[in-house]
Structure formats: C-alpha cells, structure tokens
Amino acid sequence: MDRRLFLAGTAAVVFVPLSPATATPDAMAEAIRKIVGTATPTEGRVKLDVPPLVENGSTVPLTVSVDSPMTEADHVKAIHVFNEKNPQPNIFSARLGPRSGKAIVGTRIKLGDSQRIVAIVETSDGKFWSAGADVIVTLAACLEESP
Amino acid sequence: MSNILVNAPKTARRGAVIEIKALIMHPMETGFRPGPNGRIIPRNIIERFTATWNGAEIFAMDMSPAIAANPFVSFFAEAKESGTVVLRWTGDEGFVAEQRVDIAVE
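Chains as they are written, first to last, in my numbering: chain Y, 887 to 1033; chain V, 31 to 136.
Hints may contain errors.
Simulated coverage check for chain V against chain Y, where a stretch passes if three residues somewhere in it have a Cβ under 8 angstroms from a Cβ of chain Y [unchecked claim]:
#, stretch
1, 104-118
2, 121-135
Think about it this way: if two alpha-carbon atoms lie no more than 25 angstroms apart in a straight line, the pair counts; the simulated DSS-like pairs of lysine-lysine are [to be verified]:
#, chain 1, residue 1, chain 2, residue 2
3, Y, Lys-933, V, Lys-40
4, Y, Lys-963, Y, Lys-933
5, V, Lys-110, Y, Lys-988
6, Y, Lys-920, V, Lys-110
7, Y, Lys-963, V, Lys-110
8, Y, Lys-971, V, Lys-110
By construction, these hints were calculated from the structure, which means they are not laboratory data. The C-beta atom is built at its ideal place from N, Cα and C for all residues, glycine as well.
All chains, full assembly: derive it from the sequences and hints.
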C-alpha cells in the first residue's frame, strides 16, 4: 500500500472521533446573549463555587450563590450556568422566586476540558449579574464508554 | 424503576429557610459518546426537575447533558405551611419520576 495513502487513512481514522462540534467561547457568548438580550451583565453579587483543579471531569461539584434578600420586591428570578468547551454551551437554568428564601443552587456537572464557567443571574428588577471561574480538568468527562 | 434519595427536614419552624437535596439514579447519557460498537449512544438525559410545595412551584431547573450522571440538586425553600413537597424529574424516552416529602411546619 502507498505509504502516503496509508498515513492519510490513519489520520482520518484518528481524527473522526474528535469531530463532534464543541462549544466555543463564541458559542457561550451567543448562548448568554440569548438570555440577557441587549443588557450587559454586571460582575458581582454572584458567587460561583467550583474547584479550580479537578481530577475527574465526570462529576464536578458546582454551587452558585447570590447575595439577595429574596423578598417579593427584590429576588433572584433565574440562575443560568454556561461553559466554553463542552459539546454544548448550556449547563443548567434554574428558576427561583421569593419562596426560595436563599438564592443558592448546587449540583454536579461534567466538564470535557479545562475551561471557563460563567454564571448569569437574573434579578426581579430585570438586571443581570455574572461571575466566572476557571477550572483545570486533568481527566475529561465521558469521551468514551466507561469500562 | 429509579432510585431517588431526598434529604429534607421533617419539621421546620414557620418562616425558616430549609435546604432540600435530591439525588436520582440516571445515566444522563450525553448523546456525544461512542459506545463499544463505535456508534454514538443516543442521548438520554433528564431535561427538567421541578419542586412544588402544596402545588405551588418553588424551584425548577432545566438540565443539559453537562449535568453529571445521577443528577444531584440542592436548593432552598421558605417553610410557610405544613404540606407536601413533590419533586418531579422528566426527560428523554418518556422518563418520569416523582418523590413526595412531607414537611411539618410549626
């Protein structure tokens, strides 16, 4: 077999599994724009707790807490979390209200790569707040079927 | 069917803010991974989690494939009156699961 052809063939085989579209910082910005519209989120009031160094990207604890009195007049309406490099930019969107008492939401997420996580919070006055965190992942989530 | 683990106080003082933690067994298959035969395993995730207190919604969450397998959610709620909290998960392939928790408010 032609050596060049063989090399090209193996290259194709190697790169096919990597082809699924991944979210990019642009895709994340686009997803955020869908939520905030023309408004610009202000940094602050939001605390995004996620470990800075993660060994296993399959389960990464993440907590978003917002400094808000959670009253009828002033409360958090929604918390959205986005990522840059997973196949899709959205992680979750949570809906809260004055009944929540505290604007704290915790969950566990998957990360396919080292990347930046961004939380966008919508308050009852129609304003948007944000917080970001960089996470380094040493073993990415779910690239293959687990053994 | 599915295994659910909920952690919430059985009693609460009126007006207290309580934490409710919920864990459900679910693969949260992303739809981006090839299986043993090289084909992509079809997506199978929980899309939505809701919590109601005596019928009124207190918390809702739209999930994506980026939520880890066996989704865990913790959130807070103000205890206003005794009643039943219904946690409900819905998702792909007609997945529905429900768990009721009774909370007495004094």
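Taking the hints in turn, this is what the structure says about them:
no., hint, verdict
1, 104-118, "holds (count 6)"
2, 121-135, "violated (count 0)"
3, Y:Lys-933 - V:Lys-40, "violated, 29 angstroms"
4, Y:Lys-963 - Y:Lys-933, "holds, 16 angstroms"
5, V:Lys-110 - Y:Lys-988, "holds, 14 angstroms"
6, Y:Lys-920 - V:Lys-110, "violated, 35 angstroms"
7, Y:Lys-963 - V:Lys-110, "holds, 19 angstroms"
8, Y:Lys-971 - V:Lys-110, "violated, 42 angstroms"
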